Amino acid sequence: METIRLRKGLDLHLKGEAQKKLLQNLASEVVAICPSDFKNVIPKLLVQEGDAVKAGQIIFTDKKRPQIGFASPVSGKVKAIVRGEKRKLLAVEITPDSSTQYVQFEPIKEVSKATRQEIQQRLLESGLWATIIQRPYGIIANPGDSPKAIVISAFNSAPLGADIKFTVKEDTDAMQLAVDALAKFTDGKIYVNFNAEDASASPLYMLRNVEKRFFKGPHPAGNVGVQISHICPIGKGDIVWTLQPQALAAIGRLISKGIYDVTRLVAVTGQRVKNPAYIKCVPGTTISSICKATEIKETKELYGQDCGARFISGNPLSGANVGAGGYLGFYDDQVTIISEGNYRELFGWMKIFRTKKFSASRSYFSWLTPKKKYAVDTNTNGGERAFIVTGAYEKVLPMDIYPVFLLKAILAGDIEKMEQFGIYEVIGEDLALCEYVCPSKIEVQKIVEQGIDLMIKEMS
Amino acid sequence: MVEDMGNKILKIIDKMKPTFSKGGKLSWLHSTFEAFESFAAVPPTVTAGRTHIKDCVDIKRVMSVVVAALVPTFLFGIWNTGEQHSLAFGLQWGFWAKVWFGFYKILPLILVSYIVGLGIEFAVAQARGHEVNEGYLVTGFLIPLIMPIDVPLWVLAIAVAFAVIFGKEIFGGTGMNIWNPALLARAFVFFAYPSTITGDSVWIEGMTKNADKVIDGFSGATPLAQVADGLAGAPSFMQMFIGNIPGSIGETSAIAILIGAAILIFTGVASWKIMFSCVAGALFTGFLANTFAEPGTFAAYPAVNHLVMGGFAFGAVFMATDPVSSAQTEVGKWIYGFLIGAVCIVLRLFNPGYREGMMLSILLMNTMAPLIDWCVVRPNIKRREKRAAALKK
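Just so you know, the protein sequences line up as chains D and A, in that order. Each residue of the first sequence is one higher than the one before, starting from 8 at the first, in our numbering. Each residue of the second sequence is one higher than the one before, starting from 15 at the first, in our numbering.
For reference, chain A alone in the conformation it holds in the complex (with noise of 0.2 Å):
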């Protein structure tokens, strides 16, 4: 039944594929036909080495994974939109008004990168003549969990433009990338948009517009901001724990993240070293920070409470653990990760310009990765060199 109507599918496909193949119509749109039918069907593709078997693992499936672990920062995203919104306006909304209007909102940025990011993709496959690549399906849906809510539409397409163009392909696609794209794509943003990210109404949709209409006593500030202004009004550890904060889309619920970190580290996609080592990097400097700083100042903030505010969750999770990026062998992991927290810590208490220094550490540690690995793999060389020098004697 199930395997009739699948066949029934492969033979319309079957009826396209002159269109798009050499000398047909379409065939400017060939690559773009191959990733649609090998999204729908596995290829029919065999071994040619001398591994006759393949394990059923591809990276479609590795990049559906995460996908799928970052539905609960997305859903939770929706609703805190609209929750963020009913707060600043004073409007009693109920449970299923908050998240209509959470998925109205968010739902064109989504499209916006999707569309952008994918239509670039394509023209380039189609270009070289290469198969498309995966990751674009994750890049683009962690592009938007990492912007403001209000970012203007026209910016968030540039930035894509931007980290798809000069983050990957022109190093040769997927793989081949020295730094996360998303977050260049955020980094873009930040420095040739700087307003459209920063500030205290970014965050809540249609705060910068409506300025006035907004209720008294409602800043719009994230957590991370109002505690180096100041350690009064900040949320408490549980509320930004839950994440009914203002923030970028994706990064405020450290449940929904920790959900989502449950699914890449039991599948093993993502590196919980990484991960660990970078809440022990978070943690020890935070801990150093607060032995030695004055009551009050921003230095003496509980260093607990540097995990689950700003990007530090999000980015820990989801954006250090991209493999491509990231420090390729298993101890660089540990030392990359670590350093990622360390530095993301000191950059939140030492650069009063910008509080968030999640996306800089990481980017940061993206471009050190190699340096790391390097030094990680030359005992592994020099073992090798003393047993042939051992040897000459």
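This is chain D alone, in the form it adopts within the complex (with noise of 0.2 Å):
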């Protein structure tokens, strides 16, 4: 068993970790699709208000690839279409029914014996095509495309993240299913990454037909991209799968019963969460009912001052904020509830101890508490200014990429630059910790983004 050891990155000890316990089966009034959680779609709607719709039923489709649709994860009646300036669709919203109705899709008997177009076309008419990401940009693949590997990442080093261990554990057989099905997609290789320190506690770890590979060091080891570029680095007209596991066991549930049930455990965490444990919902639920379940604590003051909470699907480092009104991203397997920090802090920088806050760098001193968990909020701790300081970015990043170069090239809009300096092996969540770790304050993940948005406009 080869190991590949990162040794650059940095793990965040946060309070309000979940506890491994499933605290409810979630029933939300409302379930919303939302086309903001996907990146890249000019959606195109195919339902009105009063619908009644069924589970697995796309709700809008894909402008410009139509065959990649967005189905309902319950089944009952459209209750609303929200829409935001010059009519964006923002949200569908359905009421569900007491007890879910599936669109019955046609299962597949034998895995083995059946064509890539029978999956592919049972995959995008269930909506569940959707759960494939593909490298660059981390937008949907083109269901045309092979991809020259498909990379999973069979654990979570996020802050808080929630434990795939614990996750997925009952779904080993529909996720090799799934692997299966996906392998007919691909000439390459389809690659699990395991927690090098864990690995055979993983349900990801029985499944066949699968090259494993053992990453081992801090947070953001368990991020796919970080991954791709040390087993299959991509290259320009390179094209990677990746796919979650929860994703996976969703595929395999279509395969063997011919339904779209993407219903998950979601790890609900957070210093503002009261209970924080796991959820069993599905995506589109509403923020709202899930404080419900796990209980919200209130009044909090921080300095002395009155602040609110934030309410983020995903994790503190790379999810959505998405307000208390909001509702649980479609790749999401976590919700984040810290609080916000609008508050001012008297002498913060010059505080020779600041105990409450955490840093990386050494010009405090949480260095000598390695093990002390940090209650965070969203404060940025200083005002944006131009890149100062060099080196910090790059210990944080495990990948063979100049960060800074990357960034002022996307920065300077040139292409060319963009490419030479790695563009197609990140997204957002890959240079999260540069933002995090950044004296300057500069908005790292928006302006990788921003790239990646120029280079799909430019490049189509």
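Calculated directly from the structure, the hints in this document are not laboratory data. Among the hints, a few may not be true.
Listed next, the in silico SDA-like pairs over lysine to any residue satisfying Cα-Cα at most 20 Å (straight line) [to be verified]:
no., chain 1, residue 1, chain 2, residue 2
1, A, K25, D, G311
2, A, K25, D, E308
3, D, K155, A, E399
4, D, K196, A, L405
5, D, K364, A, T281
6, D, K453, A, G63
7, D, K424, A, R401
Keep in mind the model is a prediction, meaning the values are calculated, not measured.
Quick one: dock chain against chain with the hints and give me the complex.
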């Protein structure tokens, strides 16, 4: 067993880790499908308010690639079609039935004998195709492509991240079906990457017909982008597909039972959550119903000043700020609730000891307490400046990339330089830690996404 | 208790805010007010993107670590100013008399540096509608420390203005500049007003004006000048290491500089790679010169002594490591530092007109830093292109 050891990175120890127990099977009063969950998708709506829909029925398709559809995770009635400025579609809200009616697709009896066409057709018509993400760009894969590899990360290294050993622990058989089906799409290998320390405890460890790789090191070792750069780096023209374990489980259920069942275990985390634990629900579940299940610590003061809460679908380094009225994102298996940091900390940066806060830099003294868990908030802890300090990003990015050069190329809008410095190999989340440690408070992820948007526009 | 007091201060700030905001009486001081406000309290801004949490280190903290690292050299400079003055004029001063004298003489330099420099920074920030950058907190402290004590205040003021305007602001402010602004100020004085920064008398307070009162046998020459003129009479390694010798205010004591270096390296604020390779470069070139030199010439002067002489140590620790003007890549830092050390010794040995090579050496390598980085990132780009080419086949 060869282990790929990553020395760069940073593990953040935060308060509010989810206990490994299932708190509730949550049935939300409203479930929403939001186009904003899907990068680079312009929705074409197929339903109207008042329509009855089934779980697995396509609600909208992508205008540019109409064969890719997005399905309702529940059966029920379309309650509202929420639009924003310029009539932009924000969400399709559905009131679920008490018991779920599924669109019945034909199960695939013997995966080994099924053709790629057959499997592709099933994934597209059920809406599960959207679970396949391609690199470069981190967008939904093209149905026509044959990727050079399919890469699956079997562990989560993000702060407070859901424990995949727990979330898919009963889904090994379903995941095996999915892996066998996906093998038809590539001439290359399917890589499954484990945390070297507890690989054998993983429900994915028993998977057959896959290449196993073992990673050791701090976050972002669990990020699939980082893993790809170590096992099959992406060059210009390369395509690699990635899937999450929970998506494999859903694909497996589609194959065996013929239903679109994206129910998953979700870690509800963060120091504002009273009972951080796991709940079982579908994507699109309202954050408010999740909060009701786990309870929220309401009044909270920071530095003598009142502050609200931030509701994040995903982890605190790369999740989406969905607000108290938001929904669990399509790809997310974690909700994080932390305090908003809109307070003013008197003489903050001057304090010799700033014990309530963590810093990866040694200009504070948190290195003396490496095991301490911190209650984090969303304060930027300083104003935005130009790139000044060098070498900070490199310490937390275990990839063969010069991040500042890449970011400057993006800011200059120089496509050729962006290619040279590796824009195809990254998406925002891979550089999230760079943004975390940046003393100049530069919005690294936003810049990377800008670059990717530009590439998509120019290269299509 | 502390929080109560803090909230009171914040209330006072809030009360003043409308006056300085748009439409207020003093809105033309908006940037200045904002600078002081964010100085007193970390602003209530929250993260906007997908990274919801951020490390508590910011540029203010980074800069204040550098300022803290400079304090030992500053304190030693204060004492040494008094020490050198009392030696030159044959005064029997005690410790505190020397400190008081030094403080009294250095304070105006610090004040001029900060008032002129920050004045320009604040004005530019206001004109551009930017926040005031913290970079000058360090630059403004560095400039007096690399000047001779006798530099006229008006020369210092012009040099500071030049450095801030042409060294920094025309490029877009802190983070955008090509050369180290503090060194640029010194280079400006050196080329525009050479008599105020060269010679034997400028390093001792009062020596230029009262040359007749200096006691016999006291030259005031820096060790570098002494050694270059002939090896006789030069101070010992130990004396230069301690630093009670003539020289720019902050550069003389290797001990004080080493304390600063320890702070910078431990906190990770400055690159130890640059410092280390700079020393290595100087030793390499120095030993090479030692090997081939005729005995008794300057080239035969022990290479190790170069490290504690003149501005080498100060430059290696505080100037070469400026992250903005140095090489950005980790490999580049090794090369950049090594070349600074090597070029510095070459200049010292082969440039009889001006023996202090550190300033020019660093400015030269500042200019070359982007080229070094270009060479370092080239293989990375090539690897990528090779992968793409292999794919096409």
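Comparing the hints with the structure gives:
1. A threshold of 20 Å between alpha carbons decides the hint, and for K25/A with G311/D the separation of about 13 Å falls inside it, so the pair holds.
2. For the given pair, K25/A sits about 17 Å from E308/D by alpha-carbon distance, which is consistent with the 20 Å threshold.
3. For the proposed pair K155/D and E399/A, the alpha carbon gap of about 18 Å is at most 20 Å, so the pair holds.
4. With a CA separation close to 17 Å, the supplied pair K196/D and L405/A stays within the 20 Å bound.
5. For the suggested pair K364/D and T281/A, the alpha carbons sit about 17 Å apart, so the restraint of at most 20 Å is met.
6. Of the supplied pair hints, the one linking K453/D and G63/A holds, its CA atoms being roughly 6 Å apart against a limit of 20 Å.
7. For the suggested pair K424/D and R401/A, the alpha carbons sit about 16 Å apart, so the restraint of at most 20 Å is met.
Comparing the model with each earlier hint shows no violations; every hint is respected.
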